[in-house]
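K.L.:
One-letter residues, chain by chain:
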Amino acid sequence: MPNEVLLSLSDISKTYTMGEVKVEALKSTSLEIYRGELLVILGPSGSGKSTLLNLIGGIDTPSSGQMLFGQQLLSNGREKALTRYRRQEVGFVFQFYNLIADLTAAENVALAAELVAEPLAVDDVLRDVNLWERQDHFPSQLSGGEQQRVAIARAMVKSPPLLLCDEPTGALDYETGKMVLRLLRDIQKNHASTVIIVTHNTAIADMADRVLRMRSGLVAEIVINENPLPPERIEW
Amino acid sequence: MTILTRRLFRTIQAGRGQFLALVLIVTLGVIIYIGMSSSYNNLSRSQQQFYQDYAFADYTFQVVKAPESIVARVEALPGVLNASGRIQKDVPIIKEGQERITGRLTGYSLPMENELNRLHLLSGRQLEPTASGKVAVLLDPQYARANLLAPGQDMEIIADGKKVSLAVIGTATSPEFIYPMKDAGSLFPEPERFGILMLSQLQAQQILGLPGQINQLLVDLAPGVDEEKIKEQVEKILAPYGNITSYPRKDQSSHLVLQAELDGIKLFALTLPFIFFLVAAGIQFIILTRLIRSQRLPIGVMKALGFDNCRIMWHYTSYGLAVGLVAAILGTGLGIALTAVLNNLYAQFFNLPNMTNEINFRVVLYSFLITSLVGIASGFFASRSVIRINPAEAMRTQPPSSGRRTPLESWYWFWQQLSSSWKMSLRSIFRNRGRFAVSVLGIISSVVLLVFSCFSLDATDYLMNQNFEQINRYDYMIRFTEPVKYSEILDWTRWNEVQRMEPMMEVPVKLHAGGESKDEVLLGMTPSNRLKRVYDKLGQERQIPEEGILLGKRVADKLGLQVGDEVVVETTLGIGPSRSSRLTIMGINEPMTGSGSYVSLATANSLLEEQELASAVLLKLDAARMPSVENRLQEMSRVASVSSPARERETFEQLMGTTTTSIAIMILFAGLLGLAIIYNSSVMTFNERQRELASLRVLGYSRGEVSGLLRKETWMQALLGIALGLPAGKAAGAAYIASASTELYSFPVIIYPRTYFIVAGLALFFVWIGQQLAIRKVERLDMVEALKNQD
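Chains as they are written, first to last, in my numbering: chain H, 4 to 239; chain C, 91 to 881.
Just chain C, same shape as in the assembly:
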């Protein structure tokens, strides 16, 4: 070990608090970088592997019903590599206690080798290609877990109007069921109330009364082909077999959620760590600049002895390198631990088999490179001042640092009101503007991260409140297996428990305008409806027009439509022929979730050339008698499902529990960042003014008063940082929302005033701890020692 290396260790040892604070900041950055990047790599690789191994379809087409022979015709199209036909239909599951929920019954041609969207068996045994015997079913694991279903148990569904008993033989997943959601209108998966039922194709056809028929066609396309062209060709082949809706892989709901999550992690992995690295670089630069200034004498002596500039610069630069390396080592260990935590979290959310949990050595290598680079760069720029030190001058005593007037002093009256200690602090801040700015920027970063962590809580809370308190005010929504005449169920309103009942008609349509078309589900409701309201994302209530359409913004944008334009509406309901009508756009609606297109119940019926049809009803009940109604409803054969916002809310709140963990980690990291910044800044001020502080103590200032002087500067940094950080945090939230809005959600940038107070409180708390740690130095300040050494 060279003498200079030994000296470096002593320098680190002497200022170990600051060294550790720097290491802490960089380590936090490395933890996030390794944790997020590895999670991204693991999740993304598992996703791609699963998609590839289990042949996730490029396109899905839905028809009313078609003969199986149609598959060969589609497969014969140039550009189509593979096609699979299957049955997929939502059926009511009758749970114990007669509760009715939805099962997505999906048929699989066996053997599966050449089929698309193949199954991956997770537990139990595989489906068998037999039509006889008891109907065997595989379940998605979340549903099986939530409903305590294990192989060997039976479950009941209603298929083709009849009760059918299914034998559970295991659990399975498939690329399309990684994140099983009922529909685009769902906010989150509800495994208690929605499950995937995987059957052999033959048995599915049999129990649904559709022998030899399919209603879904999956297509795998050759790379580089014109998707739109093939889609049109397939739709032409399928046209005679009922109304069509189709969507590419990128619009598939499970893929959409997984991809949004992946994009989010990637964004965080590429931004968050660098905030920490930049703050650390800034602080390190200032620490080293100060260190070099205070070591003018030894530097002068070294130069006088014959050390060249490079050698001495490297000596100080290696301080930065040491910070980087120690942080990279610590961060790698903790980052790997975070990766495991995140992987566990994702395993709970996503049905991804063989989820890789690998330590990505490239990411670790990058961490070492980045932190070393950050250390060397800030060390190098700080140590350039070494060049200007002249040995002869350096060995002479330095004049007192020059006090200077601040611009504030032109407000004479204001300045006169200040106590001497305020004047000291303010002048010191103006003298050390660079350092003050770095600390303030650091605090801003910390506050931005805090706001950002809390903001997602507010946004979801707002979303939930809007959803459960403003929009959905019913107790139950009852969906029917087929649309029913409203008059036929009107007698329900005579039930004692029913306070109010409102019909609803969902009409799947294709909207056409200007040569473009888009699938959409229109929700038909009476404009005077009270149990389900329409709100846009800003919380404004929208009125459903008696005539014409209130169109969802996303569709309107896609089709280039505005208020007053006309749109061609083609119905694609699975029953009856498709019909086209023209509707005038009465308004454009941008909801937080779902598509947001509405028509009046009368318009919905007239689109179908029907009258009084309802696909669902909403019920408001006398609270005390709710269970009795539910039981009665569950027994009705035409009822497909009964859903209750209260239950959905419960499920959601359980789901939020896991999110809280990651938010808590973020808050801790952000807080530690603030703490380390304030600690460093306080220690720097203390070191620099030790002598002045000691002479204040000699004058008769108490420890508390002298500490107060140090605190003044850090409070000013903190308060300025918080004041600027709060709006900056909101802006960061808005930028994130703008980049992350998916087809599924469009969150408003909602931050409750309360949150600003909480964030400010948290920031002040961490700042206070940072101060306390540094203030201990004042407690230990030895007046005699501090005043004895002239420089």
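Pulled out of the complex, with its shape left as it was, chain H reads as follows:
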């Protein structure tokens, strides 16, 4: 179990104002995230798991509390610092892929590669996700699983220490979902990346190093999984 702290959150909370209603999506939460671990965040809809992921990914800012990436303070909401953080440290994978419709698979990956000084080779990454032959296809010409693999390749090409996945298998069938999970596991192992998967599919927890359960905006429990299963052996 690796134990170098990559990111630490202390007393983080997030309150949304929707019209005249205030919604406390995340209540005071403290958490440490370690380099190279695979963390699965579980919880029902509205439990605050996506909010937590968005805060970790720097696409949202906390209402209160402190968030440190190494020595870097992220919680003060400084736009430039957050952009740089997302650019260099974070890869994001969404349930609905969010690829750019006007770019081919390879171009979608290259788009991210253009952002960093030393990206991985686009071709290599596409080979890793087994899409090298389909690299000239546009998103509308790819299946859901293929689109999600392009999204993963796009996140990977920057070689970020932190790969965040919001329901990565939510829109995929069983077989394709498993393939995507295998890919995420390989990335974690081969690139020593920290991978965080948010899901409401409890079965996925079996492949995690640590499992974080959320309920009503609070961390209900954190369980360390001494013997993570390979994704091939997970059933749901």
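If you're looking for bench data, these hints aren't it; they were derived computationally from the structure.
In this text, a Cβ means the ideal position worked out from N, Cα and C, and glycines have one as well.
One thing to keep in mind: the hints can contain errors.
Stated by the list, open to error - DSS-like mimics (lysine-lysine), calculated; alpha carbons at most 27 Å apart, straight line: (1) H/83 to C/867; (2) C/622 to C/643; (3) H/83 to C/802.
Stated by the list, open to error - What follows is a list of derived Cβ distance ranges for each label pair: (4) C/878 to H/31: 18 to 26 Å; (5) H/204 to C/501: 44 to 52 Å; (6) C/509 to H/133: 25 to 33 Å; (7) C/384 to H/117: 27 to 35 Å; (8) H/20 to C/509: 32 to 40 Å; (9) C/96 to H/135: 50 to 58 Å; (10) H/83 to C/509: 16 to 24 Å; (11) H/204 to C/854: 19 to 27 Å.
For chain H, the structure is supplied; the task is to place chain C on it using the hints.
P.N.:
Same frame as chain H, but now just chain C:
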């Protein structure tokens, strides 16, 4: 209020920026439409009313002098309703400081009831039918204002070789003096240096030494008669009384200018607003098409609930109607304000009494009809896509919009050089070709309007430069009351101040060829003249032939003459008998202003069977000593007027001040059009790609980089629109010139290279503002929110 109406208001509220941008474009169109149409109606109605109430003559005949009894003979001709005889003669006015300028002394038979070209008193008191006592004079208001003359003051003129003092009793105007210009050679009125002096006929005859005589005959014709036939009959009656020139109302200089202005306003009223309406219709069509595409789900739900196609189509069409109605309301208010501004402007230019300043309700009604129609039409065509939406399909998630390769990608090397964001923008443009085309067309319209606004400045600047720097290089032109022998004034060249002196002889003639004839004034100058040159409208210098004639193009066309042909020249100078000669046409000249016919000084004299006669001289002086010469000249009795190009230029530049206002308004309107187009196009792109833009932000693209992506598309629209708009603007200018060239001017289509840069700069500036307004949305883009909603 039905629920759908309420929903419409919410849709408008949610996209209020776009709604307002559309309203802005249509409003600009309505303002121009109402402003121009009402001005046209007001000006045109005032003109017709004035012409009718004050009996503007159909034809004017000029003789040397004739007894008053001749009027009755002309009046007796069948087809002639009314005829008036009068005295009209240009005389020198001696201003304070001895400066000499020209007054057009005009006599009026009193009482005036049955006379033609009657006077309308503007201030002071009316003329009285008395020959005794001090000579009373009414002035045209511009002259009175420019020379600070008020009733009770005196002025001096030279009439019949003697100084005469006139008592100013007021100001007046007449249909022929709505726009008082000295002659066809003038570029613009010069109220400081030219005035209309209106006297009683008796007093005019007396001071000019022409008792019982007239030199002008005005004729009113019965409707539908053969003008040419009556003209010949009148000319036959007038033939024994000196040489004749005659012109119909349509060639009268004041009418010509007013009519040209009216034609211009009408043309603008019927074209400009529709450019705005068409651009708005195109953009509205695209906004609604996009809106409907993005609202597939609610449309599907509405259909599932049982709303029929018509109801839903009307829901979206009424968005267009709302744009039209709001714009018509705003535009009407502002259009009425513009009408008032234009009316004020015209009141300064034209002596039109009782200028109507009415709100034309028909024009307002038309505005509402046109804008509603534009709104409904574009709404209807856009909302037809509602029919194709199937409720069951609509409620399912939509597949990603299909990316497609562009033709540009066949240039593999070029394509490989592009960054991903360029590839995105280019593919998006090709995918949304229709929208891109509408925006580009809109920008083209905006640029055309900008070029068009600036073009008139260039054309006048060019005209002025040619006139004052190339053509007229003298310091003073001195016109004599009667032609003089050049040898008699040759001693002027011995004055210390005079560097150079050149004679000039103006010969009014009738040119005859192939059964047609045309009045013309030939300008006789020594071919080696240096102080006044001849240039055609393209800026080419023309040589005055030693023998034969350099003929003006307009006359040549009218008479069907070409180089090498012969033309019969009949002199109509007010002195001596008329003489006919034949001249060979050595060249055809198309000048920017004036008629453009020239002969050598020797030829001019030989036409008159005279020698060494000059009607004017041009002087080039030692700059430091100019005032002393002017004073000396002003005191000479034979000097009719002293004119100076430098002073004319000053007058002109003051006159241009008012034009600048309207040009500034045009530039603003054109710019706002461009701004609204770019704003809309940017917002549409933003709305459509919000999700993609948000995912770029998640990837680590900064706000600036994401905005840059949006900007790329609008810059491409703008640059393409500007590149196409500049030549299109020039073409529009040329088309306008072709339709608007009058007897007075023939402008070349001159647009300075500098102007293209200025226009491009202005267009880019407005485009940039439009972008900035839209880009604020990127600043506020909420990544979490944008990525959460799948459709």
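K.L.:
Would you mind marking each hint as holding or not holding in the structure?
P.N.:
Structure-based check of each hint:
1. H/83 to C/867: Holds, because 18 Å separates the two Cα atoms, which is no more than 27 Å.
2. C/622 to C/643: holds (20 Å)
3. H/83 to C/802: holds (22 Å)
4. C/878 to H/31: 18 to 26 Å: Since residue 878 of chain C and residue 31 of chain H have Cβ atoms about 24 Å apart, the given range 18 to 26 Å holds.
5. H/204 to C/501: 44 to 52 Å: holds (47 Å)
6. C/509 to H/133: 25 to 33 Å: holds (27 Å)
7. C/384 to H/117: 27 to 35 Å: holds (30 Å)
8. H/20 to C/509: 32 to 40 Å: 38 Å Cβ-Cβ, so the 32 to 40 Å window holds.
9. C/96 to H/135: 50 to 58 Å: Holds, since residue 96 of chain C and residue 135 of chain H (Cβ atoms, about 54 Å apart) stay within the stated range.
10. H/83 to C/509: 16 to 24 Å: holds (22 Å)
11. H/204 to C/854: 19 to 27 Å: Given a distance of about 53 Å, which is not inside 19 to 27 Å, the answer is violated.
Comparing the model with each numbered hint stated earlier shows that hint 11 is the single one that does not hold.
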